[in-house]
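In terms of my numbering, the sequence shown is numbered consecutively and its last residue is 205.
No lab work stands behind these hints, which were simulated from the structure alone. A virtual CB, placed ideally from N, CA and C, is assigned to each residue, including glycine. Take these hints with a grain of salt, some might be off.
Using C-beta positions, here's what the derived DEER-type ranges look like [claimed, not checked]:
(1) Gln62 to Ala170: 24 to 30 Å
(2) Ala32 to Pro157: 50 to 56 Å
(3) Glu84 to Met39: 49 to 55 Å
(4) Leu27 to Pro167: 33 to 39 Å
(5) Pro167 to Ile135: 16 to 22 Å
(6) Val29 to Ser143: 38 to 44 Å
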Amino acid sequence: MKQQVNLYVPELRPVRQRLSAGTCVVLVVLVAVLVLAAMAYGNWQNRQLAGQADAIERQTTQLQQAVETLSAQVEQQRPDPELELALERVTDTISRRQRLLERVEGLTGNHQAGFSGRMAALARQIPENLWLTGITLESSPASLKLEGRTRAPELVPGYLEQLGNEPVFAGETFRHFQLSRPDEEENTGWVEFRMATEHNGGASE
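My request is simple: use the sequences and hints to build the entire structure.
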């Protein structure tokens, strides 16, 4: 004789619990606070970007005034090779800063303070007689790669040191550094450099 035993007793049935009105209110308030915090952070990022853009623009204005002064001197006397070279350097610096400024301003509306802050720092610290030919910024994972050239290799370590003083580069270390002289420009004095915050497999020199 078979017997059936019902083990699905009321005590074993799942109990559905409904959220109380108080819990719902707390959740709504928490979501609202998170949204307001995100909006406030975005506004703070925009203010930081605007300040950096203004600083670069002021520096650009000063350099433009220097160009005007040098241009007037060139017009008043016979061409001086050293004066023309100085004018060329300042003009090139203005051009580089202006390009970086345009990139910074372009990022303002997108809340990308990380990238724009680094670009502004790179623009502030570029010395004369040193040119950046390539900039690679990555956010995940965070990394920075720079390529450039100069006729004064001793400027490169100083540039690295100045970048280390920028808050946006605090805690970062350039693990890959390379100096090389192009074969086709062996007699011109140009030296190319590459540096990166992550080692990409190249040999360090």
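Given a hint of 33 to 39 Å, does the C-beta separation of leucine 27 and proline 167 actually sit inside it?
holds, 37 Å
Distance restraint hint 49 to 55 Å, applied to the beta-carbon atoms of glutamate 84 and methionine 39
holds, 52 Å
Do the beta carbons of proline 167 and isoleucine 135 sit within 16 to 22 Å of each other?
At 19 Å between Cβs, range holds.
Verify the CB-CB distance for alanine 32 and proline 157 against the hinted window 50 to 56 Å.
holds, 51 Å
Take the C-beta atom of valine 29 and the C-beta atom of serine 143, compute their distance, and say whether it sits inside 38 to 44 Å.
At roughly 39 Å between Cβ atoms, serine 143 and valine 29 fall inside 38 to 44 Å, so the hint holds.
Honestly, do glutamine 62 and alanine 170 meet the 24 to 30 Å range at C-beta?
Check passed, 27 Å falls within 24 to 30 Å.
When the structure is compared with the earlier hints, no violation turns up for any of them.
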